[in-house]
Each structure stands twice: as structure tokens, then as C-alpha cells.
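J.: Residue strings, one per chain:
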Amino acid sequence: MDVWPIGNKAVLLGFIALSAHYRGYPHDAWLILAFLLYLSLNIAIPLFRRTGPQLALAALSAVLAIACAWRLDPLFVLVLPVNLYELAAASKRSGWQAFLTVLLPVPFLPHPLIALYLTCACLSFLLLACAGHYAGRLAALEAEREKNRVDLQKLAKTLSENDEYIRQSEYTIKLEERNRLSQQIHDELGHSMAGALIQMEASRRMLASDRDKAAELLGNAISISKEGLERIRLTLKDLKPKAEEIGINRLRLFADELSAKRNIPATLSYEGDIDVITPIQWKVIQENATEAVTNTLKYAKATAIHIEIRVLNKFVKAVVSDNGQGAGKIVKGLGIVGMEERAASAGGMVIVDGSRGFSVTTLLPVGE
Amino acid sequence: MNVLEIRNLTKKFGDFAAVDNMTLSVREGEIFGFLGANGAGKSTTINMIASLLRSTKGEIDLLGRSISANARFAKSNIGIVPQDIAIYEDMTAYENVRFFAGLYGLRGETLKERTAEALEFVGLGDKHKSYPKNFSGGMKRRLNIACAIAHRPKLIIMDEPTVGIDPQSRNYILNSVKKLNEMGSTIIYTSHYMEEVEEICTRIAIVDHGKIIADGTKEQLKSIITDTKEIWIGVRSAEPVQVEALKAIPGVLSVRVEEQTVMVSSKAEVGNLNRIIQQLIKDQAEIRSVEEQAPNLEAVFLTLTGRNLRD
Numbered sequence: 517m518d519v520w521p522i523g524n525k526a527v528l529l530g531f532i533a534l535s536a537h538y539r540g541y542p543h544d545a546w547l548i549l550a551f552l553l554y555l556s557l558n559i560a561i562p563l564f565r566r567t568g569p570q571l572a573l574a575a576l577s578a579v580l581a582i583a584c585a586w587r588l589d590p591l592f593v594l595v596l597p598v599n600l601y602e603l604a605a606a607s608k609r610s611g612w613q614a615f616l617t618v619l620l621p622v623p624f625l626p627h628p629l630i631a632l633y634l635t636c637a638c639l640s641f642l643l644l645a646c647a648g649h650y651a652g653r654l655a656a657l658e659a660e661r662e663k664n665r666v667d668l669q670k671l672a673k674t675l676s677e678n679d680e681y682i683r684q685s686e687y688t689i690k691l692e693e694r695n696r697l698s699q700q701i702h703d704e705l706g707h708s709m710a711g712a713l714i715q716m717e718a719s720r721r722m723l724a725s726d727r728d729k730a731a732e733l734l735g736n737a738i739s740i741s742k743e744g745l746e747r748i749r750l751t752l753k754d755l756k757p758k759a760e761e762i763g764i765n766r767l768r769l770f771a772d773e774l775s776a777k778r779n780i781p782a783t784l785s786y787e788g789d790i791d792v793i794t795p796i797q798w799k800v801i802q803e804n805a806t807e808a809v810t811n812t813l814k815y816a817k818a819t820a821i822h823i824e825i826r827v828l829n830k831f832v833k834a835v836v837s838d839n840g841q842g843a844g845k846i847v848k849g850l851g852i853v854g855m856e857e858r859a860a861s862a863g864g865m866v867i868v869d870g871s872r873g874f875s876v877t878t879l880l881p882v883g884e
Numbered sequence: 108m109n110v111l112e113i114r115n116l117t118k119k120f121g122d123f124a125a126v127d128n129m130t131l132s133v134r135e136g137e138i139f140g141f142l143g144a145n146g147a148g149k150s151t152t153i154n155m156i157a158s159l160l161r162s163t164k165g166e167i168d169l170l171g172r173s174i175s176a177n178a179r180f181a182k183s184n185i186g187i188v189p190q191d192i193a194i195y196e197d198m199t200a201y202e203n204v205r206f207f208a209g210l211y212g213l214r215g216e217t218l219k220e221r222t223a224e225a226l227e228f229v230g231l232g233d234k235h236k237s238y239p240k241n242f243s244g245g246m247k248r249r250l251n252i253a254c255a256i257a258h259r260p261k262l263i264i265m266d267e268p269t270v271g272i273d274p275q276s277r278n279y280i281l282n283s284v285k286k287l288n289e290m291g292s293t294i295i296y297t298s299h300y301m302e303e304v305e306e307i308c309t310r311i312a313i314v315d316h317g318k319i320i321a322d323g324t325k326e327q328l329k330s331i332i333t334d335t336k337e338i339w340i341g342v343r344s345a346e347p348v349q350v351e352a353l354k355a356i357p358g359v360l361s362v363r364v365e366e367q368t369v370m371v372s373s374k375a376e377v378g379n380l381n382r383i384i385q386q387l388i389k390d391q392a393e394i395r396s397v398e399e400q401a402p403n404l405e406a407v408f409l410t411l412t413g414r415n416l417r418d
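In the order they appear, the protein sequences are chains P and W. Counting from 517, one number per residue, gives the positions in the first sequence under this note's numbering. Counting from 108, one number per residue, gives the positions in the second sequence under this note's numbering.
Next up, chain W with everything else stripped away, as it sits in the complex (with noise of 0.2 Å):
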């Protein structure tokens, strides 16, 4: 089933197209990646998905319904985590968090239940009765996390939440993104850190230039360069190295042997490095260093673009 459905989106501003021609589906149980440069037009996509931008052309569907005949479906169904930090500062984080999950309709004591349970899920339940002008930005920002979650959408949209903070509260938020979409939620997750996406995300779009370029699994995005990695292994001496042993190892396809190291070319897809290893080991070759250059998101997406992502 489809949380999300997009086709032929397209939005321009004057001449320009920030959104050109897109069309995407997520998946219930995913988390998509939005991998592209600044100005790709991630944000774009994003405000028009939120019903916060209308689209110049083309249709969003929420679960099967279109967002702009059921604004009030589609507006309970989306959590958005925006780019811009979204909290009242003089407002303490337990009112911060009530404030916005009364917007969404909850009242009573469902509204404090989840007020609390949301708090408690970013890690902020002992600091309740804070205020947020004394919190640092990663803090802030699970604040902003917990104020989107606290109605239990179906869709969660973050839009690069890790921007400008400390690393600890950056491994605390995409645990949490994890931890989200086990329970159940479809996360949408856009950022220009292409370790977060290749660390989190199940499925991948790459956009530039309002256009989705490629889509899929990491290890489907990587393919697309080459299926191909090169195994770098540094040893004493190569000289027990039994070459035909290691071409007999499933995924290899060829080794080279130079006098310290040996170059193994293998399918990128095969897990075999532990078996590689294993046979150096019984050939009695002191293993030195190991050294595995398969290629990664941003290699694709610089192959694609020509371009980086931070550019």
C-alpha cells in the first residue's frame, strides 16, 4: 500500500521550475530518503506535500486520497518536522508539545497521555517543565520532533532535522527516526548528509534540479555506477596466497596479487569479505590492513550530477 503518492508535480515560480514533472510513491513501513543538493527542491516537494505550498500542476495522494480535496484528512495524517526549528520559546516544552497536538484535534486526556509520551520518546520527559530559550539547538530540535509526533500521524516529514547540532543529539535523533518507524510510522527523511540517508533510509531518491534522478535501495543506487568493489587487502608477504582458492570464493571475479597486497575485485551485492579473510588466514598470510572501496551515495551522486552535494 502507498502512503504517498505523487505524479507529475511540478511547481514553478515565474519561469523557473523548482519541482519538475515528479512522481514518486512511498511505501507504508518506509523510510525515504530525499538525497540532494541545497535548491534541489526538497523543501519544495515538501511544503506542497504539507499542504503548505500549492502545486503549479500534477497530484499528491495521502493514502489513496487526494491532499487538496481532504486538507483535514491529509493535515491529521502528516507530522511535519520542519526545517526552520517551529517551537515558543516562552512556552514551556510540555506546552510547546500540548499546544501543537491540540491543533491536531486531540483533546482531554488522550491530549496529556500523548503530551507526555511524546516527550518522553524524544528524551525530554525530565525537562517538561523547561523552557526552551534554555536549550541547545539539539535539544530544540527533539523538542520540534516530539511537537510532530505527539497525534501519531501515519506520515512523519522531517525535513532536515539534524542541521546544526551536536553529534550526540544527532545519534539520539535518527535512533528516534528508527525507533519511530518501527512503531509504525512512514517516514519521509530529507537531507543533504549522505551518511544519515545511507544510515536510516530503506529507500532512496536522489533529486536535482527538481527532478528525481534515481530512486531505489542504497545498494540498487550504488549498482547504477558499477556492481562492482575492490577488496584491498595488505598482507606481510603474498607469497602463500592461493589465488585460485580466493577466485573460487562466490562474488569474486578476479585477484591480482602484488608483493604486499592483494586485489580483489568482487560483486558488490556478495557478502564475502569474512570468507576472503577466512582464506588468507588458513593460507598463513599476515593480514596488515583491509581496505574496501565500494562506491557510496555521494560517488553517485556526483557521477550522476557531475556535481557534489554540499556544492
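Chain P extracted, bound-state conformation (with noise of 0.2 Å):
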């Protein structure tokens, strides 16, 4: 932005002193002088970073020139504008302001030189607008830039956070798991087996002696596996989540309480390989569902609703639809904008329909 004003100046006082020369001017040490101070004064202008010094200097040259206007060249007139320009920018005013600002001499001009003085300072004035305008837009995208590398810079570091708490997490579930599990098995089946192993040798040692005693030992050893065996099994099946916690089971769940609690009938059926749909895809499928049979229990007058789970090739797709008065043209709320967004995290999108009954079909896809 610095060198533009600069630049400006440097044209007019070239012809200044160009036309200075052509007129025939005597060479005047003065006016030299003039050129060289106003020069010096300019020059130090950019200098300053703070508005004070700079409104001073500004107003000083502005001084200046009119002095040399007075005394030595009446064209000095024309550096004028942009020092009125600067000192008008510098203390903040609007475009209009400036530019009266820089056409306020024009009064006090002698009359032959009115027009140049006119066309030096609009001309002066459009030059330093537009550099003042763009240096703006390009302070302003700088800031962006910068706020975008800073707010980069923080993301990218809560990611990796994210990424070693993910880790973390992972680490101390397994270790919790792990755990749990030996825990469980020196509970349940350490005592057993050892009790069997126990009742075990002492039969071995009684073969000889006493078989009928041995015999007896045995069979308690027999039950006490017996029974261990059982503990296994069971501690197994504790280990595996319920069934009504996942997929298809929990949607069921859902569809029963639906028709039982609301007194909606609401029936469900599924197709294809629902194995291959992950845990998160059922979860995204689940909350949609949710969501889109609260909009049917709101606003839609049904009285039938169907859930429809269908694996094809590449897609999952999830319908939830009802029998009621549907929409003509359908407005995005929060609602059907919140089901977008869960589909989209998962790769997939949701399709509203309202023309026959209202219809909201999730597609989720599958297998790459």
C-alpha cells in the first residue's frame, strides 16, 4: 500500500518539475530545495507505523506544498490531493469525505489551473481508493488465511488427540476386558478344576487299596468338571451381548413397543444378508428410524407404520413409512437435516418422500 501513495507523488512532482523546466523557469536553488523537502518529508511518511507521526507529516507536506505554491511554483498546487487524500485516510474518513476533502481548495484556486487541479486530484483520488480498497481485501484475506492455518493447525492436533485417546481407550478396554475375564475364570472355574484334580489323585492312589472308595472319588471329580463345564458355558454366554441389543432384535423391540405403547401398528421386515450391516450402520439405521417415526407420531394422521430393512448389492437400505397425509412439498427441519447428516457419516443419504403417505428411505452402502 506505502508505495503507491509515493508513486503518485513521485509522478506529480516529475511534472512539476517538468513543466517547470519547459517553461523555462529560472533554475531557482529554492525551489530545488522545495522538491528536495518535500521528498525527504514524503519519504519519511511510510516510515512511521503509527497514525501520529504520520497525520503530522502528512499535514506538514500538505503545509509545504501550499507554501511553495504560494511563493515559488503555483503547479506545486497538485501534490496537494494526495497529501489531503492521506491525511483524510489517516484519520479515518469515509470515500465521500476523502474525496471532498481532496477537492477542497478548489475555491481558493487562481482559475487557469482549477481544471488540472480537478483532474490531478479525482485522478489521484480513484488511484489511492482502489490501492486502499484492495490492500483491504487483501489484509482481509490474509486474516482468513491465517485464521484457516491457525483453526488447521488446532484441528489437526485435536485429530491426532483423538487419535491417541482413541488408542488409549482401546488399550485399557481390551486390559479391562482381559481382566474381567481372568478375574471370571479363576472365580469360576479355578476352584473346580482344582477340587477335580485333587479328588483325581487321591483316586489314583486308593486304585490299589480301597476301588470302591476310589470309585466314589472319580465320580465326585466327574461332577465337579460336570459342573465347571457348565460355568464355562455360562460365563460364555454372559460374555456375549444380549440379543435384544443389537440389529435387526433391537429394531423388533422398537416396532412391538410402537405398536403396544402408541397403539400404531407398526411392522417390520427385513431382506437379504442383514449380517453384513456393521454396528455402525445399525446405529445410524436405529436413530433414524427413531427420528423419522417421531415425525410420523407428530404430524402424520397414520395409522399404520412399516419398517423395511433390505440389503442389495452395494446398499443397505432402511424405509420407514407411514399411511398418513404425507406432504406436498417437503421443508427441511432440523429433523430430516439430523438424519442427513448421520446417513452422510456413514457414506450415505436419506431420501424424504411425501406423495404417497410419508416415506423416509436411508441408503447406507455396504461391502467396500
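These are computed hints drawn from the structure, not numbers from a lab. Don't be surprised by glycine CBs; every beta carbon is placed ideally from N, CA and C. Honestly, I wouldn't trust all of these hints.
What follows is a list of derived Cβ distance ranges for each label pair [said to hold, decoys possible]:
hint	chain 1	residue 1	chain 2	residue 2	range
1	P	E773	W	S361	51 to 57 Å
2	W	F180	P	S610	33 to 39 Å
3	P	R872	W	K354	39 to 45 Å
4	P	I682	W	E326	36 to 42 Å
5	P	E773	W	E326	38 to 44 Å
If you only want the chain W side, here are some residues facing chain P, beta carbon under 7 Å, derived [to be verified]:
hint	residue
6	D122
7	F123
8	D315
9	I331
10	T333
11	N381
Below, a list of computed lysine-lysine pairs in the DSS-like style, where the Cα atoms sit at most 27 Å apart [what the hints assert, rightly or not]:
hint	chain 1	residue 1	chain 2	residue 2
12	P	K830	W	K354
13	W	K374	P	K830
14	W	K119	P	K845
Bring the two chains, given one by one in their own frames, into a single complex with the hints.
T.: Shown next, in the form of C-alpha cells:
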């Protein structure tokens, strides 16, 4: 930005010097001093970063320009607009005010100079306003870029922290689970096995002397082992999640509850190999179904709801449809947007249709 | 190279989103089909590509340049055949084409040549002095196409160009679409006639409620629902059929045999019908009928959206 006013002034000064030369103006040491003084004042302006000194220097060079115009060469008044613009800009005036400031000297000028002054003033104003505008835009873009960079850094950091956190918690969960397992195996099985072993040892020793006693001990060992085996089975069964907690069973439970509590018959059907649906996809399907049903209950005046899960070759499709009044033109509320976002997070999409009843179709990609 | 690139395009009329965050690209040399029911957002999208409608959000690039910033460039590189026939009935066929080509900036000899060429192309060369008010629906359509292609645009958009015309003109139009494509134009073709799209398009996007639900070649789209096909072959007697030999044919997944039917389940993308039939002939099974049950685009649309194309 700083070079623009300097360039502008340099061009104007050059013009003044040249026209002074061609008009056969006597080479006056005062004039050269004035040029040099003006130059040094104006080169000093951008050296200061604070507005105070800049304002003072701009005012000073304006005064110098006026003085020179009055005493030495009237053309000197042509550099005045740039200084005036600088004054206006430094004191944060709007574009129009700056323009009026630049035109302020016009009434005081001798008539032959007015046209030239106006041309110079307008051109300088255009140039500087333009430069100022684009410098502002550039600064804004820079600031935005800087902000984006910081955001990016922050996000990358959060991401790596999250990764670390996930790794940690996976490890912790594994550890906890392993602890629980070993504890359970120890508590449930260790004792039985030890008991059975002792009984069997004793039976071996007594085999020669007291066969009946040995047989009894062996019988004990067998029943303890049987019990142990049963416990293993129970433990393993315990480890598996309950059937109603996952997948289609949960949806079935959901549909049954709807039928029972809300008095709307809800049916569920599925087709295809539903084992390919991942837990995350089940979660999306489940949540979208809940949301869709909530909408139906709120708005549709429906008497039946149908939930359909269908596994296609590359998609799994989950549809919740009702036989209610539907909607001609669908206005997306938070609910639908939420469903779309959930589906998008699993790489899929949602189709909402209100032409025959209301249906919400969630499509999620599978098997890739 | 992408002739057309659409990113996050949205058009809202009030609260209603006719086109909803659509992203797609059309590559050079493609016949790109837009398949969707009425009101799916096909024409709205096309009107935005042709800069007849302003988008609410999103960008459209033609040949790598934004169409909003380069409107003249975009317009001179797009030829559009609108859904509703746009020709002047009281000007001759020749004058119509010359008028539209003139709007695209053709002048002098080039204008004359291209006008004659375009009329010839759509098979109306001998009718250039006739007035369209005496034309059949199909001829009007063809004239409409001639008006859109005389300036040799890079991208030709055809919005349901076969609605309400006789089968003969329809075939003519489909063939000319293929020919235009062979001559180097990229084509966007919208229709709710699944058969047409399936016949001519190299890539297809299924649109519903302003969104692209799936896109790809027709094989890719069909494989969304299933990647197997069922071939049912009726024979006089299935006794001599050697099941193991049939199973050995590449692509065949399973074979079931009933008294007079051989049911072969096969991978859809493998073309093995010939070999299956050859095998049956070799086994001296007398073939009475062959029926292939493969999914079509209509089925894909129905399965994905739960609705018919012509609802």
C-alpha cells in the first residue's frame, strides 16, 4: 500500500519539475530545496507505523505544498490532493469525505489551474481509493488465511489427540476386559478344576487298596468337572451381548413397543443378508428410524407404520413409511437434516418422500 | 477432462429445495443420462447449467471455467434442446436454424454452411423451405435439435427430446444423439424413459428429490441391487443336461434343474449365455425358450427410491 502514494507523488512532482523546466522557469535553488524537502518529508511518512506521526508529516507536507505553490511555483498545488487524501485516510474518513477533502482547495485556486487540479485530484483519488480498497481486501484475505491456518492446526491437533485417545481407550478396554475374564475364569473355574484334580489324585492313590472309595472319588471329580463345564458355558454366554441389544432385534423391539404403547400397528420386514450391516450402520438406521417415527407420530395422522430393511448388493436400504397424509412439498426441518447428517457420516444419504404417505429412506453403502 | 463440473449445487424455491446439494461431473465424450421421475429436479439443474436460472448455492464450471463469470463463453459452448419445442412456426425451417445460429454469433458463409449442415444432419435438408406449422411432432423436435447444434457446441443438453413423438422420429433422434457423440460432442440427456437412457447413455445419474442417488455405467447401477442374473432355459427334457459341465462355465454360480427347466444363476457382468447354450446343445437338450432375468434401471430406481419412474 505504501508504494502507491509515493509513486503518485513522484509522478506529480516529475510533472511539476518538467513543466517548470519547459516553461523556462529560472533554475532556482529555492525550488530545488522545496522539491528535496517535500521528497524527504513524504518518504518519511511510511517509515512511521503509528498514525500520529504520519498525520503530522502529511499535514506538514500539505503546508509545504501550499507554501511552495504560493511563493515559488503555483503548480506545486498539484501534489496537495495526495497529502489531503492521506490526511483523510489516516483520520479514518469515509470515501466521500476523503473526496470532498481532496476537492477543498478548489475555490482558492486561480482559474487557469482549476481544470488541471481537478484532473490530478480525481486521478489521484481514484488511484489511492482503489489501492486502499484492494489493500484492505488483501489484508482481510491474509487475516482469513491466517485464521484458517490456525484452525487447521487446531483441528489437526485435536484429530491426533483423538486418535491417541481412541488408541488409549481401546487398550484400556482390552485390558479391563482381559482382567474381568481372567478374574471370572479364576473365580468360577480355578476352584472347580483344583477340586477335581485333588479328587482324581486321591482316587489314583486308592485305586490299588480301596477300589470302591476310588470310584466314589472319581465320581466326585466327574461331577465337579461337569459343573465346571456348565460354568464355562454360562461365562461365555454372559460375554456375548444380549440378543435384543443388537441389530434387527432392537428394531423389532422398537416396532413392538410402538404397537403396544402408541397404539399404531408397526410392522418390520427384512430381506437379504443382514449380517453385513455393521454396528455403526445399525446405529444410524436405528436413530433415523426413531426420528422418522417421531415425525410420523407428530404430524402424519397415520394409522400404520412399516419399517423395512433390505440389503442390496452395494447398499443397505432402511425405509420407514406411514400411511398418513404425507406432504406435497417437503420443508426440511432439523429432524430431516439430522437424519441426512447421520447418513452422510456413514457415507450414505436420505430420501424423503411425501407423495404417498410419508417415507424416509436411508441408503448406506455396504461391502466396500 | 471434465466438460462440466457441478459442485454443491442447490436451488431453493422458498423453503423447497428443488435441487439439493448436487455434485457431479461430466467427462468429455460422454453421453450422460439424467434419469428421474417428473419433478425430480432434472430440468431445474439443466436450466441452471444453461444460465436460465440462478443457483441458490454452489458452482458450475464448463470446460474448467465458472459459467457465472464467463456467461458468453458458456453460452457459446452449450447447445440446448429444451423440453418445450422452441421454434418459430411462421419462419421456414432454414430461417429458424439460421436465426438461432446467428444468435450464437455465426455470420456470413459459415452461417449458411452450418445451417444447411444442421438441417441435413436431422434429416430435414429437403424440407428447408417448409414452415414448421405443417410439421409432425417428430419433425418439429428434429428442427429444434438442428437449432441447438448448428454452432457446434462442446456440450449439448437435451431435455426430454423424445416426449410425445412417433417411434420413427424417436429412433432417428436417438441415432442422431449417438452420431453427435461420435462426432465429438459431449451430451447430457434427460429422460424418464428408462429404455432410452439405457440404450444410449454411457454414464447415468439417478436423480430423486433434487439429489443424485447413484451414478455410474448402467452395469454399475444395476450391480447396486444385485450382481447375479438368472437364466431360465426351457428344454423338452432336462435329463441329458450335465450340471457339472454347466457349473464349470465361467461366471456360473449355481445350477438347478427341474423337469423342463434349467435355472442357471450367474454373475451378471459375465457374458456367458452363448457358452451355456452351446453346452446344452452339446448335451442334446432341446431348447424351447431362453429367458434372462437381469435387473434393469427401472428396477434399480424402484428399489432405491421405492417409486416408479412414471409416478
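J.: If a hint holds in the structure, say so; if it doesn't, say that too.
T.: Evaluation of the provided hints:
1. P:E773 - W:S361: 51 to 57 Å: Violated: the Cβ-Cβ distance is about 40 Å, outside 51 to 57 Å.
2. W:F180 - P:S610: 33 to 39 Å: For W:F180 and P:S610 the Cβ distance comes to about 38 Å; the hint holds.
3. P:R872 - W:K354: 39 to 45 Å: holds (44 Å)
4. P:I682 - W:E326: 36 to 42 Å: holds (39 Å)
5. P:E773 - W:E326: 38 to 44 Å: Between P:E773 and W:E326, where Cβ atoms are some 43 Å apart, the hint holds.
6. D122: holds (4 Å)
7. F123: It holds, given that the least Cβ distance between W:F123 and chain P is near 4 Å, below 7 Å.
8. D315: holds (6 Å)
9. I331: With Cβ-Cβ at 5 Å, under 7 Å, it holds.
10. T333: For W:T333, the interface hint holds, since the closest Cβ of chain P sits about 5 Å away, which is under 7 Å.
11. N381: Cβ of W:N381 sits 25 Å from chain P, so the hint is violated.
12. P:K830 - W:K354: holds (25 Å)
13. W:K374 - P:K830: Judged against 27 Å, a Cα distance of about 15 Å means the pair holds.
14. W:K119 - P:K845: It holds: about 12 Å lies between the C-alpha atoms, which stays within 27 Å.
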